[in-house]
Amino acid sequence: MLAYLARRALQMLPILLGVVTIIFVLLRLSGDPVRLYLPEDASEQQVAQMRASLGLDRPIHVQYGIYIARLVKGDLGESIRYRNQDVADIVLERLPATLELAGASLLVAILISLPLGILAALNRNRLPDLLSSAVAMLGRAMPNFWVGIMLILFFGIRLEWFPVSGRSGVASLVLPAVTLGASMAALLMRLVRSGMLEVLSQDYVRTAKAKGLPWRTVVVKHGLRNALIAYVTVLGLEIAGLMAGAVITEQVFAWPGIGRLAIQAINSLDMAIVQAVVILASVVVMVANLAVDLTYALIDPRIRYA
Amino acid sequence: MSEVRQPQRRTVLQRLAVVLLGLVLVASAGAQRTLTVAQTVDIPGFDPHNHGLTAVEAVITNVFDYLLFRDANGDIQPALATGYEQVDDLTWRFTLREDVVWHDGEPFTAEDVKFSLERVARDESLFEHDSFQQIAEVEIVNDHEVLIHTSGPDPVLLNRVSRKGADIVPAHVIEAVGWEGFSVNPVGTGPFRFVEWVRDDRVVLEAFPDHWRGAPVWDRLVFRAVPEDATRVGELLTGNVDIAVNYPSQDVDRTRAAGGVDVVSQPTTRIMMLLFNTADGKATADPRVREAVELAIDKDLLVEVVADGFGVPVEARVSPGVDMAPMKYYNRNAYDPERAVELLAEAGYGPGDLTIALQGPAGRYPGDADTLAVVQVMLNEVGVNTTLESLEWSAYNSRIWGADNVENIALIGLANSLFDGWFALRALPCDGSYAKRTNWCNPEFDQLLTDAEFNLDLDERARQIETAFDIVAQERPMIALFQIDALVGVSNDIEWQPRPDEMIWAFDIQPK
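Chain order of the listed sequences is A and B. The first sequence maps to residues 1 to 306 in our numbering. The second sequence maps to residues 1001 to 1512 in our numbering.
Hints were generated in silico from the structure; no laboratory data involved. Remember, it's a predicted structure, so these values are computed and weren't measured experimentally. Backbone N, C-alpha and C define an ideal beta-carbon position, used for all residues, glycine too. Among the hints, a few may not be true.
Label pairs and their computed distance ranges (CB to CB) [what the hints assert, rightly or not]:
hint : chain 1 : residue 1 : chain 2 : residue 2 : range
1    : A       : Phe154    : B       : Thr1355   : 46 to 52 angstroms
2    : B       : Glu1389   : A       : Ser30     : 14 to 20 angstroms
3    : A       : Ile15     : B       : Thr1387   : 42 to 48 angstroms
Put together the whole structure using the sequences plus the hints.
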């Protein structure tokens, strides 16, 4: 197991290098951050001065070499927007907010998808199944942006049950988490339903029932467990996506997470920040994938890692 | 046993009574007065010489002071300088206010003025350097007197030391913690001092009781970054914020109907303009074509459609409060479609003969894509075929505007942070930053600008600038469409009129 983990950890390094290189090239091909940053009527002199002070007047391979050399030492470069501030600090500062939102959204998604999925599987093609499917589809079809604003309108402005935006305690987490969680729940619910149905129609389940095993044991131990592999896989992918930033939801709810930081940085071609966010997101995705793989071993006894 | 219990019970009751009394006292001690403002962007840091955005200065101006300060009417008033005098063409004397202390208690002296102004005047990597490089040296006469030496005669030095970028910072703090420390933990002389900054969330300031103007009426000042329009509106309507800037014009009626809040408009210095490529062979090379384009645009209707009437049609880059901006061009709409058709015919173009490319940003300025779309329709009305390209700002800037790659017409919005008419024209000379976009070069215009740049005779300077504006109005390398009004949502619980420089100066805001 340790050897497996070590191997996976080592595999992350070339992947990271590849990602960093691709983003580096893409950013520098995307346009001129200096002109974006300076006002519309900046003088040519100002543009040249700023470009030189940011090191952008050097050939791209020189810039790349400098960047990698600094990266290896842990230096993530300088932000164009956040002058004289540590890039690592700026990005890592966002982590708690992003983790909160990701965690809460997942909780909402699980709390909706598990019961609805089980209900649907156990009442196949009857009313509860059709209703839960409809609710789940609705959650998937409604755009994030619209759901968020609607929730603000009803629960934030009209009823004033929750804060409208910003991060200020548990109450402010509810609306954005529901916005994000609702759309994830649909897909997850379908996975639970289909995974369970696959198993519950098998002969050995009928045998277990006939033997007198409690229905709950049958459902959870056999039905649900079978559904969990696909469920956990998608959950892992969703976590990775959430950690990379729930951009739209963060924008609507003024949530200070990584998504907003990334979008601002991309729009202003703030290269150091974009690169740092991409590195962080890549690491998170890779770790999430690893966690998902390890969870398989817990769920399915047939899977073991050397 | 009971003997032992009774004193315990009494002690518990006594303790409870004390706690309750304390709670009552605390509750009745008057709640903290907090003013909350919702902006669209967060600040990038507290380095006043290095950010460049009016929206950012609107926040940090509460922490720092300038030598001179514009009041709500735009008039220059004493601030850290109580008096000034022009000694000779290249030298100004400033007398500094006494008994001013920094937020850390240290006294403000001439050393701080020298440190601040010389930094922004000399460090080329700073964003604001371009507007201050005219300052050659700040000479300390004594702790409360400085001489500012300019590299050439500077008719707008007073404008310079009273605008963003001229904030005075404490030498002793920056020498101790460096700009890395200061950017995230500032010390100023302003009415509010720093408490905390949560990036992309909020800036929290508290009252500085020893401020030289006196303690502000607000105990706390909070700026929140709320980028989404609908959310910002919601925060104002629920009373979570007292002021919401960049208010969407389509929510004005609904907001006023909700009660408890109002939406007020305030002219800004930002003007939406069209730049022409006048190079030979281009569709817009002929000055008659350019005049026809301007006459084809009904600027009143444009303002109505694009900004719900919150704007003023103009014929040059002028606005109230900008010195030496000839106001004869303000609030003018020369809409004359018949004359436009005539001019096009004179230039040899019948209906449908001419095709003009329109290029502009989308999402950079309020209503920018809409503006270009309306202009397109208006040009079609006078028989001009058009193509339209509305790009996201970074794409527009890198491919068209910043790349000097304007086909015929490019849309842009330009503000005037120096509040000076000369500044409005400085990009147009033969070697100016717009020369490769407009391909327009008029030596007479260049001469006027050169003469006016260092002209200390303010009357003569005004005439030179006006003549320069006239040349631009006749030859049309650029035309102006309208001045943008800022819309701000304001709670009825506060007394405030937005300022023309768009600063949110909390000291002047009063609770009702």
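Each hint, compared with the structure:
no.: 1; hint: A/Phe154 with B/Thr1355: 46 to 52 angstroms; in the structure: holds (50 angstroms)
no.: 2; hint: B/Glu1389 with A/Ser30: 14 to 20 angstroms; in the structure: holds (18 angstroms)
no.: 3; hint: A/Ile15 with B/Thr1387: 42 to 48 angstroms; in the structure: holds (44 angstroms)
In this structure, every one of the numbered hints holds.
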